[in-house]
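Asks: Sequence:
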Amino acid sequence: MAHSTPTDTISAWPDESREAAQLVIDTYGEPHEVAASHLTWYGVGPWKRVVASRVFYEHRFPAPHIDSVESVIDYRVPPEKATALAQFDGSVVVERTAGEVSARCHDEQANFLALNLMHDVVTGEKSVAEARDHYAQEFLDYRRKKPTPYMDGLRVPQAEGAPDPDERMLSDEDLERAVHEGEQSGG
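Residue 39 in the UniProt record's numbering sits at position 39 of the sequence shown, with consecutive numbering throughout.
I should point out that these hints are in silico values taken from the structure, not numbers from a laboratory.
It should be emphasised that the depicted structure is a prediction, and the values quoted were computed from it without experimental measurement.
Any given hint could turn out to be false.
Label pairs and their calculated CB-CB ranges [to be verified]: (1) Lys146 / Thr97: 31 to 41 Å; (2) Glu176 / Thr97: 17 to 27 Å; (3) Glu130 / Leu175: 44 to 54 Å; (4) Thr97 / Asp141: 35 to 45 Å; (5) Met169 / Gln137: 39 to 49 Å; (6) Ser185 / Gly43: 24 to 34 Å; (7) Asp141 / Gly29: 43 to 53 Å; (8) Gly124 / Glu176: 15 to 25 Å; (9) Gly124 / Arg144: 28 to 38 Å; (10) Asp8 / Gly186: 47 to 57 Å; (11) Ala63 / Asp8: 28 to 38 Å; (12) Asp152 / Pro79: 25 to 35 Å.
Glycine residues also receive a C-beta, built at the ideal position from the N, C-alpha and C atoms.
Given these sequences and hints, build the entire structure.
Replies: Following this line, the structure appears as structure tokens:
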């Protein structure tokens, strides 16, 4: 069986996701993993992982575009900040247990913007409304060819110890007692 190249793989993708994937290939070269549904790069640029997907999502903030390239970093988000991040941008995803945050957009610059503003929301430097306003302004400035510092690179400090395994609630004794009770009830 012939080895499929990234170009072969994305040739069958919809135009929107194929174009976005090609931008990543142009920036970082051949992906580390090629599957029919996605291409994955590990440890490229400032990213823990970049995934270009065949599937894309319509996103209207701050203006209609598609989201199909996910950029992942190690970052610990306090649980009490998760709602604010969801209010800021639905394409910013917090994986608390894994200690990861990702942004999914069309290109790397938009993912820089989303994650830099995510950090500002988490640290309290910007409110949700301020972050959304800043995102919209920088989005426009990019098209005006004006400086866009939040799109120029990742300004988020890399996190060590980002995974958050949460707090244990059940002891071994609780678990053993539940197993014993289950055996007694015939289940």
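Asks: Indicate, hint by hint, whether the structure satisfies it.
Replies: To see whether the hints hold, each was checked on the structure:
no.: 1; hint: Lys146 / Thr97: 31 to 41 Å; result: 39 Å, holds
no.: 2; hint: Glu176 / Thr97: 17 to 27 Å; result: 25 Å, holds
no.: 3; hint: Glu130 / Leu175: 44 to 54 Å; result: 46 Å, holds
no.: 4; hint: Thr97 / Asp141: 35 to 45 Å; result: 36 Å, holds
no.: 5; hint: Met169 / Gln137: 39 to 49 Å; result: 44 Å, holds
no.: 6; hint: Ser185 / Gly43: 24 to 34 Å; result: 50 Å, violated
no.: 7; hint: Asp141 / Gly29: 43 to 53 Å; result: 29 Å, violated
no.: 8; hint: Gly124 / Glu176: 15 to 25 Å; result: 44 Å, violated
no.: 9; hint: Gly124 / Arg144: 28 to 38 Å; result: 29 Å, holds
no.: 10; hint: Asp8 / Gly186: 47 to 57 Å; result: 56 Å, holds
no.: 11; hint: Ala63 / Asp8: 28 to 38 Å; result: 33 Å, holds
no.: 12; hint: Asp152 / Pro79: 25 to 35 Å; result: 30 Å, holds
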